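All chains should be modelled from the sequences, with the hints used to inform the complete structure.
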Amino acid sequence: MAFDMSKRSSYFLISPMALIFAIFLVVPLLTIIVVSFWDYDEYRILPDFIFENYKYLLGSSVTWQIYLNTFKYAALTWGFTLLIGFTVAYFLAFHVRSLTWQIVLFMLCTIPFWTSNIIRMISWIPFLGRNGLLNSALMGLGIVDEPLEFLLFSDFAVVLADVHLYTLFMVVPIFNSMMRIDRSLIEAARDAGASGFETLRHVIVPLSKPGIAIGSIFVITVVMGDFITVRLMSGGQSASVGLQISNEIGLLQYPAAAASAVVLLVTVLLIVTALLRMVDIRKEL
Numbered sequence: 001m002a003f004d005m006s007k008r009s010s011y012f013l014i015s016p017m018a019l020i021f022a023i024f025l026v027v028p029l030l031t032i033i034v035v036s037f038w039d040y041d042e043y044r045i046l047p048d049f050i051f052e053n054y055k056y057l058l059g060s061s062v063t064w065q066i067y068l069n070t071f072k073y074a075a076l077t078w079g080f081t082l083l084i085g086f087t088v089a090y091f092l093a094f095h096v097r098s099l100t101w102q103i104v105l106f107m108l109c110t111i112p113f114w115t116s117n118i119i120r121m122i123s124w125i126p127f128l129g130r131n132g133l134l135n136s137a138l139m140g141l142g143i144v145d146e147p148l149e150f151l152l153f154s155d156f157a158v159v160l161a162d163v164h165l166y167t168l169f170m171v172v173p174i175f176n177s178m179m180r181i182d183r184s185l186i187e188a189a190r191d192a193g194a195s196g197f198e199t200l201r202h203v204i205v206p207l208s209k210p211g212i213a214i215g216s217i218f219v220i221t222v223v224m225g226d227f228i229t230v231r232l233m234s235g236g237q238s239a240s241v242g243l244q245i246s247n248e249i250g251l252l253q254y255p256a257a258a259a260s261a262v263v264l265l266v267t268v269l270l271i272v273t274a275l276l277r278m279v280d281i282r283k284e285l
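Take 1 as the starting number for the sequence shown in full-length UniProt numbering and just add one per residue.
A few of these clues could be false.
[As the list claims (entries may be wrong)] With beta-carbon atoms standing in for the labels, derived distance ranges:
1. Ala192 to Leu68: 38 to 48 Å
2. Thr87 to Tyr56: 40 to 50 Å
3. Arg190 to Leu108: 27 to 37 Å
4. Ile23 to Asp48: 23 to 33 Å
5. Val272 to Asp39: 24 to 34 Å
6. Thr87 to Leu13: 27 to 37 Å
Hint data in this document are derived by calculation from the structure and do not stem from the laboratory. Treat the numbers as computed from the prediction; the structure is a model and nothing was measured. Every residue gets a Cβ at the ideal spot worked out from N, C-alpha and C, and that includes glycine.
The following block contains the structure:
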């Protein structure tokens, strides 16, 4: 009897969170899945059960090109954020001895998040533009004879903005993993004659893998669904899955947009599943 009461009390405790989870996640997700099978024309959305939205989406060469472009943005952003994030986290965890300075420097990393993403993206335009600060400086120093056109409204600008926006998502979990590393393991590696690089490769990196995995999930999932950065920084010259969905919504093609969202969700879930199979992130939880 006591066991039953304990079990019931557990259900009562988790029921509010389960209800919130169902209302704000499960129900909207199921709605998107249902709408993705509906039909539509220029003026109406027609409740139905058809596969035409998925057939058109998956059978179009444009869709595959857009996904390749999105994967390119995600891969490049992931690579650069991992390099920068690991370096910053390593410096904070192993070269800054004072806890006070660790906190101060970590807070400095969060300063860009005090403003909106839009403002941070727009701030790159006067810097990277044809007559912007960077081109003016390069021409003034005689490094180039004419403005560099690829700096703005290009794939380079999109990746640069993404790296600027999302590097902190990589810094935080990696720094958390590194702070949990037992310093005696590093001392043991040094006593055994390991060089700094060998210690990094065989001790620090393996023990930081859960943080790297968590940061990778954050960065990849956000970039895969991003559309504002692509729209602003490419000048409308590039496309991504998120931008495709945004355009379909703008054209009131809600069933097509829902089908695109479902395919994107499945793709992201497959990527996250692959990452979770490679690294056990439960060590960080």
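Right, here's what the structure says about each hint:
1. Ala192 to Leu68: 38 to 48 Å: At 46 Å between Cβs, range holds.
2. Thr87 to Tyr56: 40 to 50 Å: Holds: the Cβ-Cβ distance is about 44 Å, inside 40 to 50 Å.
3. Arg190 to Leu108: 27 to 37 Å: holds, 30 Å
4. Ile23 to Asp48: 23 to 33 Å: Since Ile23 and Asp48 have Cβ atoms about 26 Å apart, the given range 23 to 33 Å holds.
5. Val272 to Asp39: 24 to 34 Å: At 31 Å between Cβs, range holds.
6. Thr87 to Leu13: 27 to 37 Å: violated, 43 Å
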